[in-house]
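Student: Residue strings, one per chain:
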Amino acid sequence: MTARRFWVFMEQEGGVVHPVSWELLGVARDLASQVADEAAESGDEVWVEGILLGHNVRGIAEQAIGYGADRVYLVDDPALEHYRNCPYYLTITALARKYEPEVFLIGATTLGRDLAGAVATSLRTGLTADCTKLEMGEVRGANRKLLLATRPAFGGNILATIVCRRHLPQMSSVRPRVFPTPPFDPEAKGEIIEETVDISEEADARACILEFIHAKDETLDIEYSDVIVAGGRGLGGPEGFKLLQELADEIGGVVGASRPCVDAGWISYSHQVGQTGKTVRPKIYIAAGISGALQHKVGMQNSDFIIAINTDPDAPIFDIADVGIVGDLYQVIPAMIQEIRARKEAHA
Amino acid sequence: MFHALVAVKQVPDTTNIRIDPDTGNLVREGVPAIMNPYDAHALAAAVMWKKKLNGHVTVISMGPPSFVATLREAIEMGADRAILISDRKFAGADTLATSYTLSQAIKAINEEDPIDLLFFGKQAIDGDTAQVGPGVAVRLDVPVVTYVVNIRAIDLDDRTVVVERRTERWTEVIESSMPALLTCEKEIADIPFAPLPDLIKSLRYEPEVWSTAGPVEFDADQIGVRGSPTIVYKMGTPPPPEPGEKINVREVGVEAALDFAFEKAAEAGVLDTLIGGAR
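Protein chains in written order, with the working numbering: chain A, 1 to 348; chain B, 1001 to 1279.
Calculated from the structure, these hints are not laboratory results. From the three backbone atoms N, C-alpha and C, an ideal C-beta is built for every residue, glycine too. Every clue listed holds true.
30 Å max Cα-Cα, derived DSS-like pairs, lysine-lysine:
| hint | chain 1 | residue 1 | chain 2 | residue 2 |
| --- | --- | --- | --- | --- |
| 1 | A | Lys344 | B | Lys1264 |
| 2 | A | Lys145 | B | Lys1234 |
| 3 | B | Lys1246 | A | Lys242 |
| 4 | A | Lys242 | B | Lys1264 |
| 5 | A | Lys133 | B | Lys1234 |
| 6 | B | Lys1264 | A | Lys133 |
| 7 | A | Lys242 | B | Lys1186 |
According to the in silico footprint, chain A covers these stretches of chain B (three or more CB under 8 Å from chain A):
| hint | region |
| --- | --- |
| 8 | 1126-1135 |
| 9 | 1140-1147 |
| 10 | 1251-1264 |
Chain B on its own, in the form it takes in the complex (with noise of 0.2 Å):
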């Protein structure tokens, strides 16, 4: 039976960010936290393929006690059970000790019930880094495929996955053994609404909680600050620039504005390239 590992990451929703307009502060006040979307779009195409295969879908998720509400927003996706990471001795966790957290949490997984294809978003919207999902594949050793926008087969029975990853460049078309790691792109699938049974499933759901005391095994030296070779050493903010001039059309009408344009890009060496690559 096929089996899905999906990792989500609670995110705020950086989309509703503001900055104090008097402090250039980040207002953290009223920003609601969602699923990471990336994630989101990642568990919707588990969940499309648990249905065509008739499978289950397992989410994990490290953070805080209040990623409960996101692990219950995936069981109102169609996911079977959900897995919060959870201690206070993971914080401060950079991608390294992450990495290393979330793969001993998955191999525990592994043991009782293999798992044939793990899902992650490309990366969060609140660090953008990127490196969580490559890692976790690998210290698990498996092959990942990052960038994937569709997936075109699954084969069980040869253990065969067939996917669709975006570059810069071009489409790959890929085939990779299985077990193997994808990260996702938004268009691996839509997400759909809820049906009632787990609309109701999820309202009551109460996640298993993972922690140091258990049920797996985290070396102290590789979780949380201990475990992250990378440290804030400092923070800034970045230097205010110097405003360039502006000009008013209502003042003086889009010609002189043009002109004054014009004339700027002269004294900066551009008119040229301006007027058409100095033909």
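Bound conformation, chain A alone (with noise of 0.2 Å):
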């Protein structure tokens, strides 16, 4: 009898947590659930297990239990209150060797794409970046289910499906919001293990962080915002995004971009939607003057309701936006801020 363990990194900054960790506890769960009659053939376990790192964080392994995870390794060190690459990967790799875990999942977050080359590469194992499906399967050759890794290749044209045959863990990154958060259990019952790994005084001088510098515009969260209104070459220039703020405003939603838009300085990247911007899944999404390019279409499509504003009829945002309109956003628009005023008023 043996463990089957699928690890997720619990991202934390600061005591905060980042909810791509809760998305991945349930990708985990998915894909234990997937080896479950196979497991119990073989009269083995299979396990849920988030692996935490930090100092005075016992908060967020009990948060873990409640997302799904059947044990939270918690390694609470004071080398470890700030992420620095070298304390974390080391920490890790050694929690890895002796659990020995079966798949990995790391947030493809800037954090955690330092860290989960970082951690393969000391594991001397595969990874793969920035899935966007996963699922536990059967591959010719092999004794037992597979985790199946599927990422979008050149601008999201290709589906690339990647295995790991032959080395464990099976490491994969994925971006926030490209799973649902799963619902949390305040009943749910889990244990929090707690770890001692020596970090070694050479690791921990190697970097130090001497300052964090706040910007104003950097805290820009649009990966969580219930509405967001994006716009794209259409606009015609800069200041259409002014437009694009006051409609924002009035729904109480953040302002998006094109990578286009980005490209020309048009607005800062922290807006930026797409595969080399953000992936939101916001409630509503309303894309103005954006043609649809595939690279931003797998950055938004999983976005509950769709309205596309542009004055070609063909353009492919249509192919997946719910509301189709075509017409001039510079028309659109502004009725669109008038109605929803008059909406309100009505409703008050």
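Using the supplied hints, reconstruct the complex from the two chains, each of which is provided in its own coordinate frame.
Tutor: As structure tokens, then:
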């Protein structure tokens, strides 16, 4: 009897957990259930386990259990208070050598990418970046199910499914908001296991953080906004974003953008939606003057409700929009602002 | 003397990639190959610091013989030496095998001419994995700082470098020991116009080509397809989307179009969100 462990890295900074950690617990739970029959036959146990590093972060471990972890390995050490590559990857490498997880999922955030590449190399295993679909499936020649990790390639035109046949753990990174947040169960039972890992002075001294600089715009969190009003090349210039901001303010949302606008310097990168920007899944996504290039669509196609406004009736954005308005955004958006104001007043 | 190593990759210019509307396939013909833009900015930063510290810059790349063009471009931008790691046996490498191959070459370069700083782009625009930089750092056992937007100071006596790295939440100012590996954002340096002598040098320059035949030894089990734990199991095209409903403002007028949109929003259960968070 062996334990088949599905690991999720619990990303946190300053005690604030990144929600992608919960999303990945949901994914790990799905994957674990896909091997349940196979495991029952061979008498194996299947566990979903969170890996949490930090200082004074036990509360996050408790939350993780509510989001589906059977067990959380917690390494509490002052040296781990702020994320730094070397102490983190060495600690996780030590844990992975001890417990030998089968699958290891990490959020494809700036922190997670920095970490995942180092951990995978240190464990000499495979890592598939930015997966959009994960499942456990039978692969010819393998004696048990393997992780089938699917990611978009060539700007989303092709989906490539990657497997890691002979190396463990099978690692994948997943961008925030690609998968939904699982329900939180306050009654869920799980275990928190405190681990200590010796972090050498040398590893601790390699890099130190001198300062954190908070910039206003950089805190913009479009990934978790319920409403996004996004603009594309059809805006014609940077001024167009003022109109979009006005609409976003009216609805209580934020402004997004397609890559050409960011490349042209009309708006900052933190607003960019798409394969090289953010992945979003808001309740409402309004695409104004966005043609709908594949690389944009892969970043927003999971939105609940998409309204597209474009003068070109053949724009590919209409293929995925719930409502397509063929028309000039400079006519439609101001009218939409008026309409929303009128309806609000009617409500009041 | 300051010695910077820069790793560059040649990539298809994805901003020019087209999809054939009939077949849905990628049109590869006529897609120009360029130096990965993040690598170009990393190189520009290395050249800027080379000038400040009176040092030199070595550029390496792993890929087919056509990558020579990108290495010549690196010389044009101010690199002093360029090495192409090229062999059919390296083909099909995933990020683990790539990090092995690059690190073997870098170790050899470092032995004859110690390296102070390694510059990588934050990611390549054709794969977007951002895995090779941290991977090489682990193999070389040097600290890595990713998403670097600015190098504040390099102290060759103290063996430290102070950089700014940008994350989603903030910018961190980090002091790292050297040698260190930096993965760079575009902001790290502007790409300068090549001075004429560098331009002339680049035209005649022949990069060194290293292969499995030498001068560096590569473990055959760690390179190319054999050294790659991941394989492409299958390729597919995304399922075709279900087209939504379209309405033309020119035909029905803007008010009717908006009424239609609000009606659909109500059907989808998001009307309250649309009119301002259910106030």
